[in-house]
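*Asks:* Protein chains in written order, with the UniProt record's numbering: chain P, 1 to 224; chain V, 1 to 223; chain D, 1 to 308.
Hints are computed from structural coordinates only; laboratory data are not their basis. Do not take every clue at face value.
Unchecked claim - 25 Å max Cα-Cα, derived BS3-like pairs, lysine-lysine:
| # | chain 1 | residue 1 | chain 2 | residue 2 |
| --- | --- | --- | --- | --- |
| 1 | D | LYS180 | V | LYS6 |
| 2 | D | LYS216 | D | LYS306 |
| 3 | D | LYS291 | D | LYS76 |
| 4 | D | LYS303 | V | LYS6 |
| 5 | D | LYS216 | D | LYS72 |
| 6 | D | LYS216 | D | LYS180 |
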Amino acid sequence: MTIEWGWFPDHADEMTRLTADHLATAVPAVLLGLLIALPLAVLAHRVRPLRGFVLGASNILYTIPSLAFFVLLLPITGLTRTTAIVGLTAYTLVVLVRNTVEGLDAVPVKAREASKAMGTKPLRTLLTVELPLALPVIMAGVRVATVMSISLVSVASYIGYGGLGQLFTDGFQRNYPTPVIAGVILTLLLALVADALLVTVQWLCTPWRRGTSRQRTSKLWKRA
Amino acid sequence: MLELLKNLASWLTSPAQWSGPEGIATRVLEHLEYSVLATLAAAVIALPIGLLIGHTGRGAFLAVNLSSFGRALPTVGLVTLVFLAGGLSVWPVYVSLVALAVPVIITNTYAGMAAVDPEVKDAAKGVGLRGRQILWQVELPLALPLIMTGVRLATVQVVATATIAAYVSFGGLGRYVFDGLAQRDLVQVLGGAALVAVLAVAADLALGGLTRLLFRGRPAAAR
Amino acid sequence: MNRRTVLTALLAGASAPLLASCSSGITSLKGDGAGGDSGNSSGGLTIGTANFTENQILGYLYAGVLNAAGVKTTVKPNLGSREIVVPALRSGDIDLLPEYQGSLLLYLDKKATETEAGAMQNALATVVPDGLEVLPYAAAEDRDSFAVTQETADRYGLKTLADLRKVNGKLVFGAAAEMKKRVVGVVGLKDQYGVEFKEFKALDSSGPLVKGALKKGDIDVANVFTTDVDIVENGWVLLADPKNLIPAQHIVPLIASRKADSKVRKALARLGNTLTTPQLTELNRLVDKEKRDPDRVADAWLKKHKLG
């Protein structure tokens with residue numbers, strides 16, 4: 001198996017286009033996942049009986065092969081990017097829901113009580129006290145979900161929306177390893193950069209945790 | 001939607017669908033073969049590495065970040081690459097499944113080892129245990145619950161991903177998903193997906209049961 | 001059936017006898033691009049392609065010739081099998097597909113019996129779903145074929161598909177998964193030739209899996225495309241088809257009527273009249289063997305033939 005290095009500079013345009021394409025699927029999937037996971041997690045956190053159901057359901061979603069998801073969505077969302085996005089969203093839920101619930105669970109009772117004692121309304125407490133305190137754990141989930149989505153986009157190449165994964169199909173059909181290697185490297189790089197970016201965002205969002213945050217996040221990260 | 005579910009029910013319950021070389025029974029066994037062998041191979045590779053890193057404390061950074069790398073590695077790309085390198089064989093399937101499972105097991109094994117209270121280790125040293133004895137008699141038993149969590153996580157991922165075998169012409173439940181896609185036979189896809197999910201959940205429960213069995217009689221906190 | 005479809009049918013019908021009587025330059029007799037003109041391509045077209053390289057080359061050829069005619073295009077390569085892409089065309093996710101007469105006809109009408117190009121064009125015009133249209137077919141053709149290695153052919157004395165019956169239950173047939181349920185596949189081989197295989201192996205469309213498996217001996221009979229250069233390179237034997245199970249497979253554009261204005265029709269007809277089977281085979285070779293990019297190969301060919 002030889003790699004033709006000349007392929008890389010020669011295909012800069014294609015690689016750029018596919019990378020953009022890749023992100024256009026992965027990023028909305030994570031955002032949509034957050035949009036769904038946050039209320040679900042708050043619900044699971046507040047209403048104990050629902051907890052097992054919500055966590056169990058998102059766990060089961062995770063066991064369904066991603067390709068099957070895309071195919072089953074075809075009659076509903078068609079052969080479009082939406083199908084790829086919705087399919088990936090389902091996968092982000094398992095991490096996002098669990099981490100948000102765990103993050104909310106870990107909010108010190110005292111903080112919640114203090115907020116209540118000051119007469120703050122529950123919704124406001126959630127938004128200004130609980131969620132910010134849960135943010136590190138939630139962000140750890142967002143990081144995992146993002147990396148996972150970026151890697152899984154390539155599965156959508158079976159329906160033509162695989163972003164960099166299109167390079168895998170291309171290489172496969174033509175018995176041509178170079179584009180496949182390019183696709184793998186770019187996917188890994190993209191995941192790495194996205195993860196680093198999220199760490200930075202988190203650092204910027206949680207000024208109160210600077211200094212000690214590294215050790216703690218790495219622990220939470222492991223758990224996720 | 002209702003129609004689809006009705007068709008799914010008859011697909012799953014038709015005796016003809018279950019027998020023969022393309023029947024569900026065969027496909028489930030094939031799927032289990034890929035999954036079990038891949039997970040075992042991954043455990044054989046990953047457990048010693050995880051234990052070593054946890055015991056010596058060297059390479060902790062690697063252990064912590066490896067699972068992230070594993071998550072980022074696109075399985076489809078890996079399968080394709082191994083296929084192009086080695087031609088038509090079952091190797092691409094095993095290489096990619098093992099690559100999927102190894103990081104998860106290493107990271108969790110390390111996490112389990114790292115979580116062992118240093119005071120317990122000191123106490124073990126205090127009563128005269130040597131390095132290797134501490135590893136086998138103190139650290140490993142205490143780390144085992146987290147190690148098992150890693151193995152469970154890896155197993156679920158491997159079972160869900162073993163569908164990829166069908167992409168490179170092999171069997172398993174992925175056959176239904178890939179063939180159903182090519183034939184636009186949603187019932188077949190749904191059936192395959194449901195069976196994979198059931199298998200993954202069953203494997204998870206079985207390993208969970210095994211873990212509980214292993215730790216029977218231990219204080220709840222150690223489970 | 002709307003008026004336009006009738007018109008297309010009539011046009012195609014009128015040209016059929018002429019087509020049948022000529023062997024070369026046939027396509028210049030029809031497809032002057034004068035079909036209906038109620039479509040509008042000013043918003044641009046999305047061209048989809050199925051999951052094999054030749055179809056991508058064709059997609060890029062369509063795109064190039066349309067761009068030259070001033071129509072904006074986007075190519076979506078590798079969307080999947082016909083069973084996936086045709087519904088996507090119907091639902092408007094894509095607007096144009098490079099298709100193959102015979103396979104398309106049998107996909108739309110499982111009971112179709114036409115195998116000759118002109119007759120098939122007529123039949124296609126009547127069965128094509130509302131909102132879609134089949135434009136005049138190209139000179140170039142890429143048939144499905146059933147190949148065995150020279151060794152297998154010698155051992156069992158295989159020359160035609162009918163000979164396969166002698167070894168019923170012994171051979172393994174490899175093809176794309178959809179071939180299991182297609183007439184030009186497991187179904188037709190059984191119905192028309194009484195052939196039964198020991199096993200059907202779901203692989204790919206004349207791609208690395210099917211060809212790799214045939215080379216390795218994992219399968220005995222493979223479904224490959226006649227424009228595939230690997231056939232000659234490996235000295236594979238294509239089994240003859242005395243009962244005409246395999247229909248003519250000229251390349252036809254399948255298009256959403258709402259996009260098919262005269263600009264589009266003329267451009268695609270020009271391409272269809274120029275592209276020949278040997279040229280298509282050569283384009284395949286450049287992409288599959290020389291590893292050139294399908295879009296670049298297509299552009300270079302169009303430039304050379306003053307179409308792009």
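*Asks:* If a hint holds in the structure, say so; if it does not, say that too.
*Replies:* Okay, the hints, checked on the actual structure:
Under the criterion of a C-alpha separation no larger than 25 Å, the hint pairing D:LYS180 with V:LYS6 is consistent with the structure, at around 24 Å. Of the supplied pair hints, the one linking D:LYS216 and D:LYS306 is violated, its CA atoms being roughly 43 Å apart against a limit of 25 Å. Restraint check for D:LYS291 and D:LYS76: the C-alpha separation of about 20 Å stays at or below 25 Å, so the hint holds. Of the supplied pair hints, the one linking D:LYS303 and V:LYS6 is violated, its CA atoms being roughly 55 Å apart against a limit of 25 Å.
Using a Cα cut-off of 25 Å, the hinted pair D:LYS216 and D:LYS72 is violated, with the two alpha carbons roughly 44 Å apart. At most 25 Å may separate the alpha-carbon atoms for a hinted pair to count; D:LYS216 and D:LYS180 meet this at roughly 21 Å.
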